[in-house]
Structures are given as C-alpha cells and as structure tokens.
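With chain A fixed as given, assemble chains B, C and D onto it according to the hints.
Chains as they are written, first to last, in numbering that gives the first Met the number 0: chain A, 0 to 405; chain B, 0 to 405; chain C, 0 to 405; chain D, 0 to 405.
If you're looking for bench data, these hints aren't it; they were derived computationally from the structure.
On the chain B side, residues computed to face chain A include the following (Cβ under 7 Å):
(1) 49
(2) 52
(3) 55
(4) 253
(5) 289
Okay, derived cross-link-like pairs now, DSS-like style, lysine-lysine, Cα gap no bigger than 30 Å in a straight line:
(6) B:241 with B:318
(7) B:377 with D:397
(8) B:133 with A:307
(9) C:75 with A:404
(10) A:404 with B:125
(11) B:397 with D:201
(12) B:75 with D:404
(13) B:187 with D:313
(14) D:201 with B:318
(15) C:201 with C:147
(16) C:201 with A:318
(17) C:397 with A:187
(18) D:316 with C:125
(19) D:397 with B:201
(20) C:75 with B:75
(21) A:5 with B:316
(22) D:75 with A:133
(23) A:224 with C:75
(24) D:5 with A:147
(25) C:75 with A:397
(26) A:353 with C:377
(27) A:75 with C:318
(28) A:377 with D:5
(29) D:404 with D:238
(30) B:75 with D:224
(31) A:316 with C:187
(32) C:397 with C:318
(33) C:5 with D:307
(34) D:313 with C:133
(35) A:201 with C:313
(36) C:5 with B:148
Quick reminder that beta carbons are idealized off the backbone N, C-alpha and C, glycines included.
Listed here are the chains, written in short residue letters.
4 protein chains.
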Amino acid sequence: MKSKRKIINDPVFGFINIPNDFLYDIIQHRYFQRLGRIKQLGVSSFVYPGAQHTRLQHSLGAMYLTSEAVKELRSKGHEISEDETSGVMAAILLHDVGHGPYSHVLENTIIQDVSHETISVMLMEKINSEMGGKLDLAIKIFKNQYHKKFLHQLVSSQLDMDRLDYLLRDSFFTGVVEGVIGSARIIKMLDIADDKLVVEQKGIHSIENYLMARRFMYWQVYLHKTSLATELMLIKILKRAKFLSSNGAEIFAAPSLQYFLNNDINANNFQNFPQILENFVNIDDSDIISAIKVWAQNSDKVLSILSKNFTERKLFKTKEIEFVTKEEKINFSRQYIDNLNVSESEAKYFFGQKTVQQNTYDVKTDGISVLFSDGSLKDISQVSNILNPTILSQDVKKNYLCYLKI
Amino acid sequence: MKSKRKIINDPVFGFINIPNDFLYDIIQHRYFQRLGRIKQLGVSSFVYPGAQHTRLQHSLGAMYLTSEAVKELRSKGHEISEDETSGVMAAILLHDVGHGPYSHVLENTIIQDVSHETISVMLMEKINSEMGGKLDLAIKIFKNQYHKKFLHQLVSSQLDMDRLDYLLRDSFFTGVVEGVIGSARIIKMLDIADDKLVVEQKGIHSIENYLMARRFMYWQVYLHKTSLATELMLIKILKRAKFLSSNGAEIFAAPSLQYFLNNDINANNFQNFPQILENFVNIDDSDIISAIKVWAQNSDKVLSILSKNFTERKLFKTKEIEFVTKEEKINFSRQYIDNLNVSESEAKYFFGQKTVQQNTYDVKTDGISVLFSDGSLKDISQVSNILNPTILSQDVKKNYLCYLKI
Amino acid sequence: MKSKRKIINDPVFGFINIPNDFLYDIIQHRYFQRLGRIKQLGVSSFVYPGAQHTRLQHSLGAMYLTSEAVKELRSKGHEISEDETSGVMAAILLHDVGHGPYSHVLENTIIQDVSHETISVMLMEKINSEMGGKLDLAIKIFKNQYHKKFLHQLVSSQLDMDRLDYLLRDSFFTGVVEGVIGSARIIKMLDIADDKLVVEQKGIHSIENYLMARRFMYWQVYLHKTSLATELMLIKILKRAKFLSSNGAEIFAAPSLQYFLNNDINANNFQNFPQILENFVNIDDSDIISAIKVWAQNSDKVLSILSKNFTERKLFKTKEIEFVTKEEKINFSRQYIDNLNVSESEAKYFFGQKTVQQNTYDVKTDGISVLFSDGSLKDISQVSNILNPTILSQDVKKNYLCYLKI
Amino acid sequence: MKSKRKIINDPVFGFINIPNDFLYDIIQHRYFQRLGRIKQLGVSSFVYPGAQHTRLQHSLGAMYLTSEAVKELRSKGHEISEDETSGVMAAILLHDVGHGPYSHVLENTIIQDVSHETISVMLMEKINSEMGGKLDLAIKIFKNQYHKKFLHQLVSSQLDMDRLDYLLRDSFFTGVVEGVIGSARIIKMLDIADDKLVVEQKGIHSIENYLMARRFMYWQVYLHKTSLATELMLIKILKRAKFLSSNGAEIFAAPSLQYFLNNDINANNFQNFPQILENFVNIDDSDIISAIKVWAQNSDKVLSILSKNFTERKLFKTKEIEFVTKEEKINFSRQYIDNLNVSESEAKYFFGQKTVQQNTYDVKTDGISVLFSDGSLKDISQVSNILNPTILSQDVKKNYLCYLKI
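This is chain A alone, in the form it adopts within the complex (with noise of 0.2 Å):
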C-alpha cells in the first residue's frame, strides 16, 4: 500500500516533512483543515498587511519543530519511542485546534466562559473516537497526564514549540524582523532533568534574547494600538448584532454564526449540546467578514455605521491614557449622541476602553530552568543579569481610549 507520506512547503521552514499516516490523517482532518481558514493574528492584518498567515500553517511549523526537538533530545540519550513522538506532534498538532476565529473577539461576544483550550480538548476527543483511540496518548500529553511531563511541556510551557513557531512566523509575516529568534539554537541547547525541559548553561544568552523578542513582538504587534482599537470595533459590532437579534431583528449570517447570535452559549451548554460543537467548529474568518460587509447596509445606525467603517478601514483612534473620569465618558457619549443622532446607550458602542498589559517574564508562573555542568538547575532570573526579577516581572499597563473618530 502507497503510504500518504507528503511534503509541504513552507516559506518558514522549507519543507515539513509529514512522518506517518497518523499525522497525515489529522491533517487532513476537517477540524485540523478548518485552521486554514482562521487567520492566526485576527486583525493584525489591518496593521501589518503581510499577517494573512493561518493557524494551520502555524500548527504545522510548531509540528516541525517539535520533531526537531524530540530528535535532539534524543541524540542526548533521553528515550522517546516513536509512539511517544507521534503523540507529541499530535498534541501540538491539535494544540489550537479549539480557536475560532478572532479568538479573542468571540471569546468576549458570542460565546461566553469557554476558553479555548477546552474546545481543544473536546474536538481532539471528537476525532479521537473518530480514529478509534489512537489519539488517546496525545490527549494525554495535551493535557499533561502522560508520565514523562517534559513531552506536555514541549507543547505546552515557557518553552513550547508552539512559542517558538508563531515567534518566528509572525516576525516573518508581519515583516517585524526584531521578533526572530534562534530557534533552532535553543532547540539544540534543550535538555532533560528531573522529567523537565531545561535549557543548557550555554543557552542562557538565548533565552534571553527570546524573552526580548517575545516582549518587542507584544508591544509591536500583538499589542499594536491600532490593533488593540480594531478588536474592539469587532467586539462593539459582534456585541451590536447579538443584541438586536435576541431583541428579534432579523440579522443576516450564515446559518452556524446565526446560532450564536441567537443563542446565550456559556461552557456547560458547550458540553451539553453537540450541536452547539458543530455550529462552532462550522464558523471561520470568512463568516464574520462575510457577515459585517452585509451589516453595513442594515436599519440599524449604531450597526450600519460600525460595520461600514470597519469594512473601509476607517478604524477607532486610539488615545493613550491614565484613567477615564466618569465626565469625559459622558462628553464622549454627547458627541455621538449629538453627530449621529442615537441614544445614550448607543453612543456606547462608539467609543471604549483597552487596558493591556505585559510583563516579560514572571518566575512565580513562568519558570524556565537552567541545566549546569555540575548537574544543578536554577531559574533562570537568578542567573540572568538582565532578567532581573523585580524588574521584569513588574507589569507593565497602559490604556486606550478607543473611539470613533467623526
């Protein structure tokens, strides 16, 4: 019999090897296919125009390189059966396979409670019974109740392979080249100890580096204020849309988007009703914009304007601020209220606030450890003269007044 072994190209990594038809079928998968759809930085790419990249392309890089990690952790003697390293890739295959799109939008709109990763777990169960239990060990992995945690931590910890993967694709895509990283340098400085991944002495230098490209990529792209401005006009449109449909106002979407605009969907109604699973898994990128350039001819002010607006790129301005007084907010609101001619509590969804917030490196959470010659291991904040503690892990906020401008 052909085997399903195949290559796929990627301007990352080059080619990435598909080892077995276990992983080929997972690929191949309608939930793993559906990825493809989802773009993996949402709206990054109203900022940085190259961010078309998917959550599948990245699924697969972290699959690359968690191969190159088992294969050098094995060339240090540490035993990793092939069962073990088909499960690994599985899990990390799979890690995201529970994001919708706009992850962060839906998660504070249509859906409620339901994190991500839980629908991660549900669809890896779903195709598991699918492929008869031969999921099992990476559900296990995936959800560290396998024995040999460092293969949980290798999708899963301060130096997963999926960090590694969408560090550099998104530096790549985005153009942002202070966000590339050595990945296959710490790859080769990985090490066990203690059914731990640590990193070598010599790679200290390396962490640091990634911790500092991980923060230039926070404040540069994830965190961009345009970003930040266009995921609340998101949020204020999805919020909009839900509101006058389950006030009974007819709102075009696809049938499976039309479920969560109708429905109140919170984690135990998730666990409940399959079908809210397969309306989930049923929406992507496309239904959203689909929906929106529709919305921007609907009766509604408040959800025509919105909807307009963000289809032509005219985005909410951002203002960087200490704090909103409660006067200002009402100032804001009259200028809406006055111009557009809505109501009080319409004005509303034409202005709002973001507070993000970033810290480097946290020891209590984090917790990269760092192998030494003589055998002992030590965190790497008490090693590293830059990663000093009470500095780095001290948050750092800023907020956003986010508005429309008119």
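Positioned in the frame of chain A, the structure of chains B, C and D alone reads:
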C-alpha cells in the same frame, strides 16, 4: 496640516513609503481596501498553505518597485515629473482593482465576458470622479493614452513592475525559492529608447533568468495540477449554485453574491447598471467561502457533495491525458450515476477537463528590447541563445482529467 | 565625461550605490582597498567559519546606512547639503581605515599606545592632501569639529551607522540570527533635536531590541571564549617573534611586518617618521598568517609550537575562573617546563588570563535621547523599564584562563 | 569518553552537525583546516566584495547536503549503511582538499599538469595512512571504485552535492540572488535506478531551473570579465616572479612558495618527492597576497608595476574581441615599450587574451536521467523542451583582450 505620509511594513521589501496624500487616499479608498480581502493566488493556498497573501499586498509592492524604477530612469537622465511619478504609481496601485475573488472562477461562472481590466477602468473612473479628476493622468497611463508610452510599460508589458512583484511575492509566500528573481538588478538595467522601456545589453542574462523563473512558477505554482482541479471544483460548485438559483431554489448567499447568482450579467449590463458594479465590489473571498460551507448542507445532492468535499479539502484528483474519448466520459459519468444516485446531467458536475498551456516567450506579443552600447535595439530572442524563438514560443499544452474520487 | 558612478553587490543590503566621483575615488584609494584584506572580526572565523567578511564590506555598508539616514532626516525637514552628505559619507567610509590586521592583537604587541582612531585620522589627512583638500569637511565631521554635531553622531555615537551595520553584518556572516536588528526601523525613527541625533518616542522598543541584540552578539560572538583564547594565542606568538627578533634572531616576515618586529614603535614615532605609517598600511591579515606558517618550522621551540598549533587549529583551551592563585600559576608553568622542556620564562607563553567585561548601556558615556511628542528629551534609561540603569550599567566581568593543552 | 560531536554555525544552512568522531577528526586535520585559508572563488572578491567564503565552508556545506540526500534515499527504501554514509560524507568533505590558492592561476604558473583532483587523492591517502585505513571506503567512493556507483555520483556528477552547495553558497556570498536554487527540492526528488542517481519525473522543472541558475552564475560571476582579467594579471605576476627567480634573482616569498618559484614541478615529481606535497599544502592565499605586496617594491619593472597595480586594485581592463590580429598585438606591445620603457618580451606581461566558453548542458558528458513512473529512464534533454540538445550543448565562446591601462 499634518501630512498623511505613512510607512507600511512589507515582508518582501521591508518598509514601503507612501510618499504623498494623493497615493495615501487611493490606498485608503474602499475599492482598494477590498483587495485586502482577496487572495492574490486564489485556490493556490490549498496546495501552498503559505499563499495567503492578498492583492492589496501585491499592489503595494508593485507601487514600490515602480517608484524604484522611476528613480533609476531619472538617474539615467530621463525626465519624469512629480505628477507623472504619482500618476504611474497610482496606475499600478489600481491595475488589479477590478479583480473579483477567485477571478478565473468568477469569470467562468457568475459573470460573463467581462475582463477584470475592464472593471479596473470602471473603478478607476469612479474613484477619479470622487477625487475631482486627480486620477486623469493615472488613467491615461493605464489605458496607454499618455504620450510617454514607457510609463504605461512600467504598468503593463513584459517588463512591468506587476510581474516583477508577483513573481518575487508568490515565490516568497509559497516557499518556492526557485521563483526568486533579481528584481533589483533588472530595475538597474532598465533604460528608455524610442520612448520604450528597454534593457541594457548587460542585462540579457537577468532577463533570461527572469523568464525562466516565471516559467518555473507557472508549472510549479500557477498551473499546479491540484490548483487546477480545485479551481474546476469551485467552478462546478458556483455553476450548480447558479443553476439551482435560476431554477427558483433558495440558495444561501450574502446579498451581493446572491445578486450574481440570480441574474445573468454580461459586459453590457456592467456599463449600464451601476448597481451591478456596486454589488461586484462588495464580493470578496469571504462570501464565497462562507456560502460554500452553508451549501454543504443543501438539499441538492450535487451542491452539497461538492461543497462538503471542498470545505474538507477532499479535492478533485487529476490524471494527465492526451484527450478523453466519448466512451471514457460515459464510463466516468456512470460511476457517479451508480454510486451517488444522480442523473446523467448531474454526473457532469463531478468531473471535467482542464487544458493549460504556457509559452515562455512569444516574440510577437511579448517583445523585450535590448539596448546595445551602439544605440541599436534588438529583441531578446535574437540575442539570447537560450531564448530561441522556435523552441520557446512553441506552446506547451497539458490536458488533465479532474474528478471527484469516490 | 563619463561618470565613475558604480553599484556594488552587497549580500546584506542588495545593491549599494556610489553616488559620485569623490566617494568613488576614496573607495578606489589604496588605503581603503587595503581594508579588503583585513577581516572585520579577526580571529572569530576560527569559531564561526562564515565570518570572513572584511572591513571594506563593513565600511561600504555603513556608508549605505548613512545615506539612508540622511534621506530620512531630510524628509523630516532637516537641511543637509550635498556637500555635507558627501562629507559624512566619506567620514564613515574612512572611520576604520586605521585598523591593522587583528587589531586588538597588534595593539598589544607590535605597536604600543597607538589607537586605530589616531591612525585613521593620519590616513585621512594623507588622502586629503593627495585629493587637494576635498576631505576637509569629512575630517571635521570625523573629529567632531563641524558645527552640525549630529553629523558626527551618525559616524560615532550610540546610534551611529557603524554599529547598525556591524551588528547586522556580523550576524549575517556568522549565522547568529539573534543579532538581527531592525536597522531600517531605527533609521525611520531618527530625528534631530538640539543638534543631536535622537530617537522618536515610538522607537523606544526598537532601541531596547538593538541594545539587547548587541549584548547577545558580545557574549555569543565578540567575546566568545574560544575567540579570546585564539586572540591570546596570537598575541603570544607575536610577542615571542618580536622578542626573538629584538634578540637578534632572523625571523621570517614580509619587510613591513619585519619593520615592526625589529623596532619599538609608539604614538610619537608614528607622528614623526612617515615610513612607519607606510609600513603600517602595508600590513594586512595575509602577512600575519603567512609568517606564522613559516614560524611553525622555527628553531625556537616556543615560537614553533605555538605557530604550529595555531595553523592547525589546535587552539588554547579555556576555563572560567574567579582568579588565578600564584600557586596555580606555578603548577601550570610546571607542566610546560616538564613536558615541553622549556624554561620558566618560556613556559609563560603557553597560557594566560583574559578578562572581559561588557555593560549593555552606560548612562554616563552612552546617552541615547528619546524625543517625546511634546518636544521634551529623556535618556532611554529613564523611559525604558528594562534598561534600568542600576541593573544594566553594572559591569559584567568574566575571567578566563587560556592555555595550551598538552 | 566524551564524544567530539560538534555543531557548526553556517550562514547558508543554519546549524551543521558533525555526527561522529571520524568526520570530526577529518575536519580537524591540518589538510582540511588549510581550506579555511583559501577563498572558494579566488579573485572574484575583486568584483564581489562579499565573496570571501572559503573552501572549508563549502566542503562543510556539501557534507551537510550529502547527509540530507542520504536521509532522503534511505526514506525511499534504498539501503545505505552507517559506514557508507560516513564514507560518502568523508569523500565529499575532502573532494576539494587538493586545491591550492587561486587554483586556476597556480595550475597555469607554478605547477604544471597536476590537477587538483590528483592532489586530492594524494592527500586523502596520506590522511588515510595517518588514520589507519579508516578512509578506505571514502577513497573508493571518491575514485568511483566502490560497487554502489550512486555514492560516487553524490560526490561527483551532474547532480552532485558539490554543485548544489557551491551554487547556493556563491550566490549567497556574492549577493547574486539569481543563483538561488531549490537544493532542498532537488534532494527530495532524488532516487536511485540501475545503481544510478536519478531524478523523479516531477523534478524536471527543478533540474531545468538548476541548470539555468548555474548558467547565470557562470556568466555573472565565474566568468565575469573583470575576474578573468584579474586572474590573468595574477598569472602574469606569478610567471614573472618565477621567470626572475629561475634567472637567479632573489624574490621574496614564504619558503614553500619559494620552493615552487625555484623549481619546475610536474605531476611525476609530485608522486616521487614527498617534500613537494608538503610544500604544496603549506601554501594558501596569504602567501600569494603577502608576497605580491613585497614584489610591488621589486627592482624589476614588470614585476613591480603589475604587483603594485594588483595591490591597489588597478586591474586589467577588458575588451570583447573576435580575435587579435598580429598587427594589433604589435601595436599593443608598442605602447608599453614606449610608455613604460620595457623590452618587447617584457611588454607581453601587460596584456593577454582570455577565452571562455560555457555550455549549459552536454548530453555526452553530463547525463541527468529522469525516472518516470513506469520505471523508464530518459535523459533530461529528451524530456525538457528548453534543454534542447542542439541549442544548449552548443558552446558559447567569448574572447577578451585584457590589458593594463596606462
């Protein structure tokens, strides 16, 4: 007044400057922004997952290369005014503005006999009237009605900046490194003779390299058999949707797409009914993709089977053939009739033939002139020993049978 | 008359234009061409085999970045005349012209107390007199005697084009991707305030990234322990050769190198005896490498052992230490005395100590000013939360014991 | 025992693994290390300042590609043992070990009728005897005496890893992007049929692209007219030095170079007198460059003029010609006789003719076989419509007159 000058991060060229408000306003125009929702390579992303880049990115890149070419020509003593520079930059920014989503598909299904160039001109004229005639010069250049013919050639000719950008860009995003061309070197070799864009003698090998890289990209990317099959699949889907719609069925679609499913539109209509153009510019990739997912649940068996397979990336298979005999067609039909329980006319939606042909260089239509140091001009095919006209202009044709595997 | 304008292919920046005959003549000057025979990173190629790039390439790259910076500053309304542009470009072209081969080695062995900056000025003045004073302005800028101080800062300061080029270039040729900096972005952020080169507020993160990348390159490349050990080995070889030579031995060397082996040269001599400078500019990497191979056959045991090991890449080993006790030194000596049958004073040539220190940013000497939108200026260390002055300016010091393994 | 496994940073391929001690020891051998002092492209750095990369880097790169090719062939079911893998990697590591500095120059001047391949074998055999026969298999593969012929083809054939590396590498360091080839894709297409390295059918376009890129590099880099002229200049210098030396003049040179200036060495001598080989491996670029600078001060007018001009990059000019008439030669001589006050025989050192020819593909000697899915093999020239044998194998010849401008 603060100028609107801006810089855009481009992964291919680094930073792209928008040098003046005129060009900035074009870029901000809703017709141009719409290109950000249309993938440059249409269905190629099914084969090359990196190929998510948009027509907006390509248009900005072509504008950048045009500004570089103008700089080079000026440095060689050719006079090009500020207005002409802005004009040719505007012309190339808008050269693809008339493209719909999945252009080749649309032009074979929901619109008839209307080329995207025709629509580009219509849209330029609409923008021009909105901008009070500021686009007059750009439109003249685009239509080749301006007396300095070489400016048109920067926009559209064998040496235009359109091709230089798309080869580089498509190569970059697909990861097919063989398409990399020396665009900077080619631009350094450009000159003008007899009001024609020509290449200096020492650029002969660069031109050969460029034509060969283009040839490679055709076979490896643009005419990739799986892309062709996917395109055919998409054509079949839209034809079926239109067929059903015209027979009175209620087919889900965003209103603007609906409009084209319900009406037969040709070039004449476009000229005479402004709402057609408005509906056209309202359609982008998202409407097609969003609708097809809904169609996967349609009661019509043909539409639902094709749409479901398309969504789940179960694409048509291909078989290179000399030609298909009548008998083979009947046999092919038979399997669908038998297995899917469809009629003979319905069976035709599940397979089809694609013929592609590509000739690397055609002396009659292409014409790249080489300028020798004695001032004489010769066609590249006369001076290159590999671009032998009898060899290279011979059409290479391939036939593929594309079909749903069941 | 045909201009000598030329274009140079640079793997880092693509094509570099030489915009006028003045700059072309400098590049063609024998003093400048000599930089093409001196590796930018000296002995680093023993660790990073790709690091073969020359000081000539770096100087051309720095010239290119300077021309980009001038363009940017002009576009922000700052007046910089054609003469000033050529002047600052000439100054940076020649900023390293006084470097000898393996600079740090030479400055510790065959010449004494003469910095390469001093020699650069001497050589600029010689070129200037050959060119009839055309370099007057460039020299003024280089010496910081020109009234527009920011021009000097483009050549020499925390934000100079020298550093931007060398970081990028050294990163490119060593393959250490972590050194990649956003030079184009930094240049876009440059401005002038109070006749000082400053960075716009939104460039803060770019500067942080740049200082961190520089820090990384220091530890990973410039201060790599094997490079340090190799440098020490080279110093020991040259010291021995000079010692033998001054004791009357006939040591093979090209005459200009011979001259420095036979004579003790200090800064005063340089000023007073023109033949010293002539001999100095006649020496490059090839003389050192060629001589050492001959010395490997020398009858002096110390010189031949060290030279043979150097040539065969049997480099000094390193051991990080706090400090060396007198006892350890004696023990160390002992092994060479015993095994190689050398005297106590000869034994000292086979080992030594190297101390390196690096501080990322020093407020007192470095000074990068950030320009805020309200026109105020602040030092980067006051506004960056990671460039905390107490942390970052603290010197990091390492001691290595370097020794021949026997 | 700690293994000597090491990783080398390569700017072209990232990290290169040295998988075992055997290969590590070869790399550390003084014969191999010497390649780090010989530029891969000889005088090309006079035209492309980035072309400083060494034969050592190239050999490591070719080793890396060989290991990739072996991996690929194994994955297609071809058995290649660990010993064979190490053997073929050792063979390609050492394939260029017999190169002297500026090979083409040396082979025309100070050595006669000795190809670098012959010297490579001699050196491999010397290393082999030092290593107790461990190189037996590698030498068999290199000499094509091993029964698995395809292993030799990885080292030397139209599809060898030598060419794949040098095209990519030379393209990278010169900055001539047009030479970029899809080495990874070509390797993915490799297979074995009838014990021969072949290319899968779907690799036809990749091979076309590769041959075209190679053709481009020939004209743009390897046969660049200024490189040719510089090479001729170097030949004239060495010939003159040898002439003077053989006439009893004392010509400065490092002893090993001196040896070749003083003695006429041919292939027979090499075999019979071991000191010849020892002297040969002692010479590298540095000896040539260092000596020429000294010769610039030589009392012989011919030697000093040529050497001074070479050092100061005042290179021979070129003129493309059909042929040179006897009369022209006399006229040319005349100007040097008159202006430089030299004799007729001396005048001949100041000019000369260079003939270059390049054919892209020669069916008779090249032979790239394509494997079709039905198992049949055809030569690429039969199946590619651009690699038409009558066109492409026709030699393209150019004649240049190269001369010192006075």
